[in-house]
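Asks: Model the full assembly from the supplied sequences, consistent with the hints where possible.
There are 4 protein chains.
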Amino acid sequence: MDVVNEGDYILLYLDGRRSFLVEATDRVFHTHRGYLKLKELIGQPYGSQVKSSIGVEFTLLKPALRDFILKKFRRPTQIVYPKDAGLILTYTGIGPGFRIAEAGVGSGALTAFLAYYVRPTGRVYGYEIRSDLIKIAKRNLSQTGLMDYIELKLKDVREGFDERDLDAVVLDLPTPWEVIPKAYDALKNSGVFVSFSPTINQVEKTVETARAYGFVSIEAVECLERHFKVKAGETRPETVMIGHTGYLVFARKSLKST
Amino acid sequence: MDVVNEGDYILLYLDGRRSFLVEATDRVFHTHRGYLKLKELIGQPYGSQVKSSIGVEFTLLKPALRDFILKKFRRPTQIVYPKDAGLILTYTGIGPGFRIAEAGVGSGALTAFLAYYVRPTGRVYGYEIRSDLIKIAKRNLSQTGLMDYIELKLKDVREGFDERDLDAVVLDLPTPWEVIPKAYDALKNSGVFVSFSPTINQVEKTVETARAYGFVSIEAVECLERHFKVKAGETRPETVMIGHTGYLVFARKSLKST
Amino acid sequence: MDVVNEGDYILLYLDGRRSFLVEATDRVFHTHRGYLKLKELIGQPYGSQVKSSIGVEFTLLKPALRDFILKKFRRPTQIVYPKDAGLILTYTGIGPGFRIAEAGVGSGALTAFLAYYVRPTGRVYGYEIRSDLIKIAKRNLSQTGLMDYIELKLKDVREGFDERDLDAVVLDLPTPWEVIPKAYDALKNSGVFVSFSPTINQVEKTVETARAYGFVSIEAVECLERHFKVKAGETRPETVMIGHTGYLVFARKSLKST
Amino acid sequence: MDVVNEGDYILLYLDGRRSFLVEATDRVFHTHRGYLKLKELIGQPYGSQVKSSIGVEFTLLKPALRDFILKKFRRPTQIVYPKDAGLILTYTGIGPGFRIAEAGVGSGALTAFLAYYVRPTGRVYGYEIRSDLIKIAKRNLSQTGLMDYIELKLKDVREGFDERDLDAVVLDLPTPWEVIPKAYDALKNSGVFVSFSPTINQVEKTVETARAYGFVSIEAVECLERHFKVKAGETRPETVMIGHTGYLVFARKSLKST
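Protein chains in written order, with the numbering used here: chain A, 1 to 258; chain B, 1 to 258; chain C, 1 to 258; chain D, 1 to 258.
For the record, the hints were derived by calculation from the structure and aren't laboratory data.
Just to be clear, a hint being listed does not mean it is correct.
Residues from chain A shown here face chain D by an in silico Cβ test under 10 Å; the list is partial [as the list claims (entries may be wrong)]:
#: 1; residue: N201
#: 2; residue: E204
#: 3; residue: V240
Simulated restraints, written as ranges between beta carbons of each label pair [what the hints assert, rightly or not]:
#: 4; chain 1: C; residue 1: D185; chain 2: B; residue 2: D185; range: 31 to 41 Å
#: 5; chain 1: A; residue 1: K231; chain 2: C; residue 2: R158; range: 17 to 27 Å
#: 6; chain 1: C; residue 1: G16; chain 2: D; residue 2: E40; range: 57 to 67 Å
#: 7; chain 1: C; residue 1: K256; chain 2: D; residue 2: D132; range: 42 to 52 Å
#: 8; chain 1: A; residue 1: K231; chain 2: D; residue 2: D15; range: 49 to 59 Å
#: 9; chain 1: D; residue 1: D165; chain 2: C; residue 2: H32; range: 54 to 64 Å
#: 10; chain 1: A; residue 1: K71; chain 2: C; residue 2: H32; range: 31 to 41 Å
#: 11; chain 1: C; residue 1: T175; chain 2: A; residue 2: K37; range: 43 to 53 Å
#: 12; chain 1: C; residue 1: G16; chain 2: A; residue 2: G233; range: 32 to 42 Å
#: 13; chain 1: D; residue 1: T239; chain 2: B; residue 2: D185; range: 28 to 38 Å
#: 14; chain 1: A; residue 1: Y35; chain 2: C; residue 2: T25; range: 48 to 58 Å
#: 15; chain 1: A; residue 1: H32; chain 2: B; residue 2: A212; range: 23 to 33 Å
#: 16; chain 1: B; residue 1: Q49; chain 2: A; residue 2: E219; range: 46 to 56 Å
#: 17; chain 1: D; residue 1: I129; chain 2: B; residue 2: Q44; range: 51 to 61 Å
Every residue gets a Cβ at the ideal spot worked out from N, C-alpha and C, and that includes glycine.
Replies: The structure is reproduced here in structure tokens:
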């Protein structure tokens, strides 16, 4: 049976609104529902319940990557959310074995999703122009154990990517259209181009530039996610939702006159 | 440079609305824009353009898994779409190395996504109660080269799964709530439960049953995807969209009194 | 030119996020951007700018009904929002001259919209079971000057409506299906039935009951509204949106075997 | 009891997907479910059922304005849909007594909604640059009995509106931003400006121009409408939905430096 080992990250699940990502070390974790001595979690089976100092039950869960990103990552920049990362994967086929360049890394959320899914033989080359963000991304990513699949680079991709014949280039930049020629050079033929942008104007410029530069199969997509309150006889969508994170542009490199 | 080999599946891309998934064999492929002798594609670099008999250009792209599913799979049943498969991945962390049971397989679309992403060390045990669907799913999945990661089983999962300590159980069944005790038994502690259902009533029963049975961290989510027509100065969402495919329920197995 | 008269309600517009509905009387109105002596607004033309004590400009606008409802109504109950009220109007044709029964009145938001649009010859009979809510609704509605078109009634509509041959019956009740026979009796032939409910279960019961009771042309609709941040080159939807208010059920009375 | 009179327009309701708007005259109406002699409907009570030649039941309903627009209007141009017309009403307070200029009239759908709701004392001045559309709009609107409240004008509003001190100006034009100065001149202080546009670029230009020209309280909104298939135990949204009609811009005229 799977039990908590010293140093494990654990998701302490309280209820639908509250759960906490902690490390099983010699520390006391305080919540508004009492405290837990985290060392005492060691040896407990995953899935089991523990009680706080005031008797409130928490369930010990293994955190998923999403939990690390949403609960543990420092986020000085807007991150790419699971719904959008999911669409990137299934729209493009980015998966085990892919060699990908990503720019800009920012807080590293998308980097983490990409690295997680290219394992064990793929690799993510993560470009970021700000050294402070590289540091934060590195710290964030280290907690996930994914750094073996990631190479972080402090560089302005407008000067080009170091790699060639990449399976995919993924951009999360303010001016992605400026990088399209460099993305083209770095991609293998028929390779995957992805760009994430919060504004529709960025989408427009990116699509127009990609089209002019010989990319084909261009799609612009937005993904909305709705959560439900489910209870017998009282089921309804949540009142407040995230109405927008960003738009995704997908394209494929062709050998058209460029 | 990557070139088309005999027997390769190729995506013949015409424009944003039309592309065709074909095999590079000794066959003639007819479109409303002229025909192509597919044998002549062999040796052409991916990403390059070929002309049909009437001079219309098609681009040779490597198909992604999504292309196989949407263009090549026979679909006697409703399939799980990329947007929903993407959410399943990033919400749960289903990825390389996961051992998953899926029921029912249907046309095999979700099976394909799961198998693709658990590669190379994971495995999908695909249950289906109808032998005719098993056959179709097998044929569909064989085209994708993913059968090495899949074991299809003709069995009613209301009688239980054969596996234990699974990382995840994924249901796409008319009455998923009936299978919850069996899913619980098959899952490892803290393991991932997923259910996809078209109606809100199914969601309600599934969530209520899962809650009663000791599952925690239960979420019910819907994912809407919107495509855009992008053109400088004339950008707008598509007029017609898919307004609904289904709802997703996510949960985690706890050791709560069951 | 239209100027502010003593006693007028005025919308003091500051910016896209902040505006205030005040009365032009001998009072000082304090904001975080300085105070305004409201008496000094009297005689100013609508549309003009006034400065607060610290020199911040506010624009004097005539409030629309929506402003009264969203900014001035006391709301002990959830209200029907403009988007849903709008759909009620244009789906059903509720308009000038309609005689309508509404139950329950609650805070009076929907009552206000209905009364506003049945003017000058129509009438809204507003039923409410709680006397405390009747009082609040009356106070809310009095500010809008619409009480001439409204008759508020403290009564449980499960015992029936007092009126006959109504053009429309509009329900905003926890158990609307219980009232369907009474709505049927109160409506004229081919008359309009509307029900607003937050949960999908209410919708299901209401539709099933209405169908069984001889209503036809039954529709269930949900309306989502998205606001945009518009700025040249940086246009995007708002990050947070109201993801749900409620569902609308529309139907028409037929003379089918009931 | 309300009965069908000769010349009445009647909505022949068959089921949730099919209903027909016909005139009670000496004509035979053919459907795929048999024919009806429309003259025989005269004298029947509204809400009652009639049988076609092959015994299929239709219900006689009084058409709402929406039925005329969606079923009877000739539509050479894209029309403004009920959901958007509803938002225009409840967001702005356009209602009984309003004097409104609308440009361009197109097929007259929005003109009809506006005229219906400004009755009996308001008026809609409908501008249209194309004489062919004016003719079609006139024919469409005549069926609704609303022409008493409408004045159609063949004129390019870039040259200005004939009216002054209008309560509202409503634009449905390809380049609404060009008309903003003329809308400003035609509006009374604090008056309502509305613009409907299919593309986000039009919204951007309209908002930026309105802002520069002294309009305040500017909002850009999109309204999505979702229909449900409701059946006990099988309730779900419709698979296909209208994903986009257009965006609405709302603003108010201020006396700011223009």
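Asks: If you test the structure against every hint from before, which numbers come out violated?
Replies: Structure breaks hints 3, 4, 8, 9 and 16.
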